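Asker: Sequence:
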Amino acid sequence: MTTRVTLHDGAEIDVEIEGDGPAVLLPVNPRPVEGPQAEEMRKWGADPALGRTLIDGLADRFTVVAFDYEGHVLAQPKPDTLTPANVAADVLAVADAAGADRFAYYGYSWLALSGLQLAVRTDRLSALVMGGYPPIGGPYAAMLAVTTATHTMATDPAPEEPDGEPGEPGDWSKVKVTMTPGQTQQFVTLYEELRGFDDLAVQSRVTCPRLCFAGSADVIQYDERWGGVIVDIAGPFTGRRDEMESLGWEVRVLDGLDHTGAMQPGAVLPILRPWLESRLPARVS
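If you count the sequence shown from 1, you need to add 3 to reach this note's numbering.
In case anyone wonders, no lab produced these hints; they're calculated from the structure.
The structure presented is a predicted model; accordingly, all values stated were derived computationally and were not measured.
Keep in mind that a hint or two might mislead.
To be verified - Simulated DEER-style distance windows between Cβ atoms:
hint: 1; residue 1: Gly-13; residue 2: Glu-246; range: 24 to 30 Å
hint: 2; residue 1: Gly-251; residue 2: Met-182; range: 35 to 41 Å
hint: 3; residue 1: Arg-208; residue 2: Glu-73; range: 21 to 27 Å
Heads up, the beta-carbon is just placed ideally off N, CA and C, and yes, glycines get one too.
Taking the hints into account, I'd like the entire structure generated from these sequences.
Answerer: Following this line, the structure appears as structure tokens:
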């Protein structure tokens, strides 16, 4: 079943509902990417059918509510309103449309930190899974620097270098910014709102079962174009694992995987599915 949901700014998003059982909200694209974009994704080690594979891997056991939130905000930017509170309100609107009074949520990267923001604003979560972003010690300041630099490059792009060599996949020093100023500004807005956010202080407000995971090699060193910062996702998972577990988080560290590798279905499903099965009530026949 597909339905349309009105979000905080009046824009609409398509929501696909498949399967039967406890509700699991996935902010993923249910339609495989095709063409040149798919080829570029493969070069970076990404699965163009990531969302579809996750849905198919869960829908025989759960009611999967899939909505391409990242694709939506890129297609219909929200430069001034992509705040944590509005993102949480959008996720709750999707849950309402699916008839899910209680639901689990899995998000990766900035959609994982959005899950934490959701968890501190609602008691409707039956489970929370954060991938590719730590529940404590999150790199909020570094991400603000990177998104601000990205917005600057989108607003005032540097002239092309005709003899420049294209970078290898994973080489951020050669990546060209192709997003519009409206697209980049919304992520500056998100991280500006999170400036000074104390993720440790809010842990007592996260009361549902919770799992977090990341690759052990999830560290990106950005050059000066991007603010010259290090976005270290893996560090908190390895350095503060005991603290996370003492706060009620189950923690998984995926050996050798970087940010892109740890989000692929082959890495996620073997963790996500059995954990959800152990935490959510069985389907009633």
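Asker: Does each hint fit the structure? Answer for all of them.
Answerer: Taking the hints in turn, this is what the structure says about them:
Against the hinted window of 24 to 30 Å, the Cβ-Cβ separation of Gly-13 and Glu-246 comes to about 41 Å, which falls outside the hint. For the pair Gly-251 and Met-182, the beta carbons lie near 37 Å from each other, so the given range of 35 to 41 Å is met. Evaluation of the 21 to 27 Å hint for Arg-208 and Glu-73 yields a pass: the beta carbon distance comes to about 25 Å.
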